[in-house]
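Residue numbers (our numbering): 2 to 297.
Take these hints with a grain of salt, some might be off.
The calculated EDC-like cross-link candidates involving lysine to aspartate or glutamate, where the alpha carbons are at most 16 Å apart (straight line), are [unchecked claim]: (1) Lys200 x Glu215; (2) Lys200 x Glu225; (3) Lys202 x Glu215; (4) Lys175 x Glu215.
Distance ranges between label pairs, derived from CB positions [as the list claims (entries may be wrong)]: (5) Gly174 x Ile283: 37 to 43 Å; (6) Ser265 x Lys175: 54 to 60 Å; (7) Gly272 x Glu181: 30 to 36 Å; (8) Ala269 x Ala207: 41 to 47 Å; (9) Ala168 x Phe219: 17 to 23 Å; (10) Tyr235 x Asn173: 38 to 44 Å; (11) Glu181 x Ile271: 16 to 22 Å; (12) Met273 x Pro176: 22 to 28 Å; (13) Gln160 x Met231: 56 to 62 Å; (14) Ala207 x Arg186: 25 to 31 Å; (15) Pro176 x Gln155: 35 to 41 Å.
FYI, nobody ran anything at the bench for these hints, they're computed from the structure. In this text, a Cβ means the ideal position worked out from N, Cα and C, and glycines have one as well.
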Amino acid sequence: MMAPHRQAYSGRRRMAADKGETAPPPAPAPAKPSAPAGPNNVIAAGCRVTGNLILTGSLRLSGEVLGDVRCDGALVVEATGKIRGRISASDILVAGALAGEIIAARRIEVSAGGRVDLGGSQQPLRTLSSLQSAEELSRLELSLSDGRRVRLDQIATIQDTVAEPTAAAFLNGKPVVGFEVARSRGASEIEVGNGVREKLKELRAARQDLSITESFDFVTPVQEEFDGSMVLLYEGAILAVLVVWLFLRDFRATVVSAVALPLSAIPAFIGMHYLGFTINVITLLAMSLVIGILVD
2 MMAPHRQAYS
12 GRRRMAADKG
22 ETAPPPAPAP
32 AKPSAPAGPN
42 NVIAAGCRVT
52 GNLILTGSLR
62 LSGEVLGDVR
72 CDGALVVEAT
82 GKIRGRISAS
92 DILVAGALAG
102 EIIAARRIEV
112 SAGGRVDLGG
122 SQQPLRTLSS
132 LQSAEELSRL
142 ELSLSDGRRV
152 RLDQIATIQD
162 TVAEPTAAAF
172 LNGKPVVGFE
182 VARSRGASEI
192 EVGNGVREKL
202 KELRAARQDL
212 SITESFDFVT
222 PVQEEFDGSM
232 VLLYEGAILA
242 VLVVWLFLRD
252 FRATVVSAVA
262 LPLSAIPAFI
272 GMHYLGFTIN
282 VITLLAMSLV
292 IGILVD
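Construct the entire structure; sequences and hints are all you get.
Here is the structure:
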């Protein structure tokens, strides 16, 4: 499914920390001026961190969810937003901290997850806490190696924003927003497909500014196979009755075969339902063969 210029935001948020532009520091504090260079004490520019980052505190945000297309058995994949933390090199210097200290000070744990962008490299971020908003995250305090504490908003700008796109969708050469509706486990593909089409009709009527184009469909082939199998089943039953009549010329035998076919098929479908078998090409083919053997 494709809908141009439409984005959906889910409640899932990611966190990313991007290195800001290095500005001339206004009289930096002389904290640890003789600290040796290394992965944990390089000042902002060129800092590299290895291993997984863990933040202590959990971030859970509620976002906008595209709930217009929703029916029983349907799962909708949505785009995500994120919390961006932009670290300022000058603010780090004013606070008398080193970039390595900021990263390792509190291995800030937040309950969603994301990544940290540092010096052209990316580090995975795991979150474990109970923060409810970007404002609460900005007030998070970090402990430095010299015993001082600094708030996150003193050295970084925290924003609730949208995640950078990592993929693009195009339809006829034009950028669009693509989404896929998939059935949940145990749901019928045909029922879900019909339900989604009805919801899309309602959405088109309510939002005429949207143009929704169906790019691919896996439900129609399933429906065609089902209809074809049922037609073959009906044709086989009718032909079986005709063959019995033409060769035996016995009215009683013809009636028995005509009655036995539906009476054997109906209990078979009931048994399939309670035993957990679905109606598909294989089961319908098996039914056709068994009915033919029954007539023989």
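Hint check:
no.	hint	result
1	Lys200 x Glu215	holds, 13 Å
2	Lys200 x Glu225	violated, 22 Å
3	Lys202 x Glu215	holds, 12 Å
4	Lys175 x Glu215	holds, 15 Å
5	Gly174 x Ile283: 37 to 43 Å	holds, 41 Å
6	Ser265 x Lys175: 54 to 60 Å	holds, 55 Å
7	Gly272 x Glu181: 30 to 36 Å	holds, 35 Å
8	Ala269 x Ala207: 41 to 47 Å	holds, 44 Å
9	Ala168 x Phe219: 17 to 23 Å	holds, 21 Å
10	Tyr235 x Asn173: 38 to 44 Å	holds, 42 Å
11	Glu181 x Ile271: 16 to 22 Å	violated, 35 Å
12	Met273 x Pro176: 22 to 28 Å	violated, 46 Å
13	Gln160 x Met231: 56 to 62 Å	holds, 57 Å
14	Ala207 x Arg186: 25 to 31 Å	holds, 30 Å
15	Pro176 x Gln155: 35 to 41 Å	holds, 39 Å
The structure fails to meet hints 2, 11 and 12 from the earlier list, while all remaining hints are met.
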